[in-house]
Structure formats: C-alpha cells, structure tokens
Amino acid sequence: EAGVTQFPSHSVIEKGQTVTLRCDPISGHDNLYWYRRVMGKEIKFLLHFVKESKQDESGMPNNRFLAERTGGTYSTLKVQPAELEDSGVYFCASSQVIGGPYEQYFGPGTRLTVT
Amino acid sequence: ELKVEQNPLFLSMQEGKNYTIYCNYSTTSDRLYWYRQDPGKSLESLFVLLSNGAVKQEGRLMASLDTKARLSTLHITAAVHDLSATYFCAVAATRTSGTYKYIFGTGTRLKVLA
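Residue numbers (the numbering used here), protein chains in the order written: chain S, 1 to 115; chain B, 116 to 229.
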C-alpha cells in the first residue's frame, strides 16, 4: 500500500512569489491534515479536511494560505504571496474516519524556503 | 487552548545508558501518540496510548500514559546509535463535532553517542 506522498520535497522561492504544495493521502483515507514545523519549534496544525470539506482551518496563519481538496482525494496548499516567515517544513497526514484510534500517517514533508 | 510540552528539547546520551523523555499536556485527553522522525523523513508512528495506565514496549523503547497527571513518558533502555532521531508526542483533542484535532509537542532531538 502506498503511503502519503508530498510534492515537491523542497521548494526555494523569493518573497512575493507563489508556491503550491501537493499532498496525496493514502487511498481511502477521508481525513487529511496539513501541519507546519518551523525549525526547532513544534509541529503546528494548519487545517483538517474530511473528504472535500474543511473540518477545521483554525490553524491557517492568514489569508495568504489557501487549501483545497477537490473531489476528496489529493489536496493542495497554496501560499500567495509568500513571506519570509512562511519558511518551514509542511507535513501532510491522512487517517481513516471509521474505527480507531484514528492513527495518522505522515508524508515526508515539503521543505519550503522563502528568501 | 490545549498545549503539549516535551522535555528535554535536546538529549545527548552515551550508548548503553537509560533516559526518559517527558510529555505533559494541559487538558483532558485519552489518546496520546509518540512519533519518531529521522532527518528529511516522514514521522513514523511508534506508539498509540489509549487509556490511563497504558504501557507499550517495542525494543528499547517503552511508552506509558497517566491521564490523571496528564503525562506520558518515553523511556529509552540501553540506548544505541540507531535510536538517534527526533521524537514527538501528540495529543488528540475532541472537537464538539466529534472529530479529533492533534496537538504536537516541540519534539526531543536525541543523539546517541558511540
């Protein structure tokens, strides 16, 4: 079974540019989460999808961040325009809805550097 | 707001020694997770603890949960170099909708010296 995949693995962009990160969850997983880790800090929750619906987006930093999950499969996270403080590693995770304990499976992350 | 604190943040230890990583959280939860992350890799699930007094062991790692004290520990026995990694704990908080939100600690960066 394929795990959670993320693309790209690394991205270096200039301040003011746009970047789109992609996450492909494990097939059949309805829950999809986005997290961000700034170097040395905790992994912070950004957003939670259940299928194509946003269940909780309370962690999104501001309106420069836009997440979508069309059709309830893969998800994209767009940052526009990027700022220096957006640098970090963006993780995606997925889990099943039914049953427990809702263990999350993580992707390898996208390291975003804004210069 | 639910907060999760881990300590220590950094841990350098000699091979063969024992040590414990602590994870404190600020509100009621009955689901606690431990993950391991190697540099540049995804988070790997180590343990899922679901009830007060739960104890799970895998090799040289043992995790426990005390929901009354809101504390989980990850104990390392006779450390070996291969255990060098960053370890995260995470707590699941129940939303009013019945779904879960996961709050992570800051991570403990473990380095085992030969």
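Calculated directly from the structure, the hints in this document are not laboratory data. Some clues are possibly wrong.
Stated by the list, open to error - Straight-line Cα separation of at most 25 angstroms, DMTMM-like style, residue types lysine to aspartate or glutamate; simulated pairs: (1) S:K15 / S:E52; (2) S:K54 / B:D197; (3) B:K183 / S:E85; (4) B:K132 / S:E85; (5) S:K44 / B:E130; (6) B:K216 / B:E116; (7) B:K216 / S:E85; (8) B:K118 / S:E57; (9) B:K216 / S:E52; (10) B:K216 / S:E14.
Okay, the hints, checked on the actual structure:
Distance check on the hinted pair: K15 (chain S) and E52 (chain S) sit about 30 angstroms apart at the alpha-carbon level, beyond 25 angstroms; violated. As the CA atoms of K54 (chain S) and D197 (chain B) are separated by approximately 39 angstroms, the hinted pair breaks the 25 angstroms bound. A threshold of 25 angstroms between alpha carbons decides the hint, and for K183 (chain B) with E85 (chain S) the separation of about 38 angstroms lies outside it, so the pair is violated. Note on K132 (chain B) and E85 (chain S): the hinted pairing is violated, with a Cα-Cα distance of about 39 angstroms set against a maximum of 25 angstroms.
With a C-alpha separation of about 32 angstroms, the suggested pair K44 (chain S) and E130 (chain B) falls outside the 25 angstroms cut-off, and the hint is violated. For the proposed pair K216 (chain B) and E116 (chain B), the alpha carbon gap of about 12 angstroms is at most 25 angstroms, so the pair holds. For the suggested pair K216 (chain B) and E85 (chain S), the alpha carbons sit about 24 angstroms apart, so the restraint of at most 25 angstroms is met. Proximity of K118 (chain B) to E57 (chain S) is assessed by CA-CA distance (about 18 angstroms); at most 25 angstroms being required, the pair is judged to hold.
Distance check on the hinted pair: K216 (chain B) and E52 (chain S) sit about 17 angstroms apart at the alpha-carbon level, within 25 angstroms; holds. Under the criterion of a C-alpha separation no larger than 25 angstroms, the hint pairing K216 (chain B) with E14 (chain S) is inconsistent with the structure, at around 32 angstroms.
The structure fails to meet hints 1, 2, 3, 4, 5, 10 from the earlier list, while all remaining hints are met.
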